[in-house]
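Chains as they are written, first to last, in this note's numbering: chain A, 322 to 707; chain B, 322 to 707.
Hints are not guaranteed to be accurate.
Capping the alpha-carbon separation at 30 Å, the derived lysine-lysine pairs in DSS-like fashion look like this [said to hold, decoys possible]:
#, chain 1, residue 1, chain 2, residue 2
1, A, 345, B, 441
2, B, 332, B, 342
3, A, 373, B, 444
4, B, 364, B, 345
5, B, 441, A, 342
6, B, 444, A, 342
These are computed hints drawn from the structure, not numbers from a lab.
Predicted model, so just to flag it, every value in this text is computed and none were measured.
Number of protein chains: 2
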Amino acid sequence: MNNFSFYNPTKILFGEGQIAKIGKEVPENARVMLAYGGGSIKKNGVYDQVVKALGDRLVSEFSGIEANPEFDTLCRAAEQVKAEDIDFILAAGGGSVIDGVKFIAAAARYDGDPWDILTKGGKVIRSAVPFGSVLTLPATGSEMNSGSVVTRAEYKAKLPFGSPLLYPQFSVLDPVTTYTLPVRQVINGVIDPFTHVMEQYLTYPVGAHLQDRLAEAILQTLIEIGPEALAQPENYEVRANVMWCATMALNGLIGAGVPQDWSTHMIGHELTALYGLDHAQTLAVVLPANLRVRKADKMPKLVQYAERVWHITEGSDDEKAEAAIAKTETFFRNLGAGTRIEDYDLNAEVIDTIIAQLEAHKMVKLGEQQDVTPEVSRKILEAALR
Amino acid sequence: MNNFSFYNPTKILFGEGQIAKIGKEVPENARVMLAYGGGSIKKNGVYDQVVKALGDRLVSEFSGIEANPEFDTLCRAAEQVKAEDIDFILAAGGGSVIDGVKFIAAAARYDGDPWDILTKGGKVIRSAVPFGSVLTLPATGSEMNSGSVVTRAEYKAKLPFGSPLLYPQFSVLDPVTTYTLPVRQVINGVIDPFTHVMEQYLTYPVGAHLQDRLAEAILQTLIEIGPEALAQPENYEVRANVMWCATMALNGLIGAGVPQDWSTHMIGHELTALYGLDHAQTLAVVLPANLRVRKADKMPKLVQYAERVWHITEGSDDEKAEAAIAKTETFFRNLGAGTRIEDYDLNAEVIDTIIAQLEAHKMVKLGEQQDVTPEVSRKILEAALR
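Here chain A stands alone, though its shape is the one from the complex (with noise of 0.2 Å):
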């Protein structure tokens, strides 16, 4: 098991209506922005529910924060909440609108030019502004984590940053406010976390026997209860387990202790920024062509995760491994989502451009072992081609 350090300070109110309690999470006499996405939580209750909750609060709004949040939009709500000297805000909505308003709260604080929190990391974030998030979209982990990723498309780039300062006072995860998501936001809400634990599980092992079994028992119940959430869209119990699992892939719970991927994501990333693939649909496509291309590497671990999570006990080390790709491709395939680029009406001409914005993003030595180079890189998404 390698050293680590674990923190995670925010706190989780969850179960069907939790939204009431956050009355009692914002500070009484706080001025509130009110951070939202394309107005769904509208339409959903959620943000009557809200409003209610806040009670007298002074509270302004910020609505329009996109899917794959964009830059220019957050460092316009920056600028509001400096103008209005806002104290706390409230991001309702899924993980593009709480990663927003991570942006936002670092940049309204932020002196110098906030291009920098992007391309210089979250080593430059000095303070932040509170926040707290009401989840309506589980999948990115978003809402128990300091991490964030946003899009900024005049350069085509979607890229990462996070800070300690940068966790959620806390979060309200409501199953109820998922009900009623689009069948591909649902698709995308057990790709993605299924993804987040296989890039802090499928490496190679150190030892970590407790954070593997933690990690297999979440790919587990997603596994379980996948098909489920898009069967009953109303079976409370099923979406609970969903949001659930999809915070715990990301909160650094399953993630501390042991080496870490994250090549599908950072490969993700560019399809996303460049073809405006979903993020999950992105990781559905990498993801398998990912581990058979590196599958040497990872054939322990691979092996591993054929017996526990697949219960594929016949044949060589080799043969369940392969077989254990394949089930989770089919997973995926199953759900909806295509895993193939030419799934999404793409072709091979696009390899070159994804090769060339991950070298012009110094994304060269990816992976595990930083082992993943362009090269290798190349030899995924052709790979994932067809």
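Based on these hints, arrange chain B on the given structure of chain A.
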């Protein structure tokens, strides 16, 4: 899944050499009290590492916190905290020292009779001296939760309390510090977390699939590595996993959103208070008997436990449940713990006394359904006799 709130702000510094980092975690100019037990930290090098890490800070000491920390001792420590104007307490030791420091931290800031903290519960706690810990005996989980148990020998009482103000600010977990633990403590350090998990897992199903699998992950890890921890005291990997299992077993995570039992603990506390058995010894005695007596109510989870944790696939539900309970008891016995009252040179005469104490401490509606009355507790003790 039941509604829940989860909040755990303790920072964990895990791994060899991490004690050196406490210099950055304790406030710069704090006046520190270093609290510890019988002095084993002076033999295993922890004391020297701690003193070095604290650097130039003014440090006073309070030693002699007992296993099952004693009310009178802790009140003396609280007086010392007040008299010396201590800003930060550093607990170095096992669960007893950390539990003791939680009481000291609360009592030093409490104006009334400190006995209130144990009899009226944590709600009387409005403030606490900040504290951190260096854990040397993994077992109780106290290093990453806000609960504590304190003994008052003159009343033969061992009583739990807790408060959100009593999370350690940080806890250092260096597996190397556990190499020199006596065998009995290593045994206890497997059985205690195992039973903590069981108290939160082995109740009745509420559709909390993820929590169930997380609990099973800890149980499986302990079953796998428990015997190795005894056989290979200086195997870092094994000791690291035992240590992290113990913390994860009682940091609130696996218990979030599920019913909890804790009757084994409450009955066990009386055994310790009356007859001086180690805490984990009482759990090894009470848990198997408790599961046998309440088998019918716990059947669905017992069958799940049998199948998933012990891989028992043959037989009727009842046979699976019986086999799983037998496996549990054998696991404890093979580690070296007595699992019957008579193993500790006690006999049937103690049962009346224990029941009387449970009644005196109002422990008359225990368990996840509040149906473990003194009559049920008596049946459990009778089943645990020989």
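Cross-check of the supplied hints:
1. A/345 with B/441: At roughly 25 Å apart (the allowed maximum being 30 Å), residue 441 of chain B and residue 345 of chain A satisfy the hint.
2. B/332 with B/342: 12 Å, holds
3. A/373 with B/444: 29 Å, holds
4. B/364 with B/345: Holds. Residue 364 of chain B to residue 345 of chain B sits at ~25 Å (cutoff 30 Å).
5. B/441 with A/342: 26 Å, holds
6. B/444 with A/342: 20 Å, holds
Checked against the numbered hints above, the structure violates none of them.
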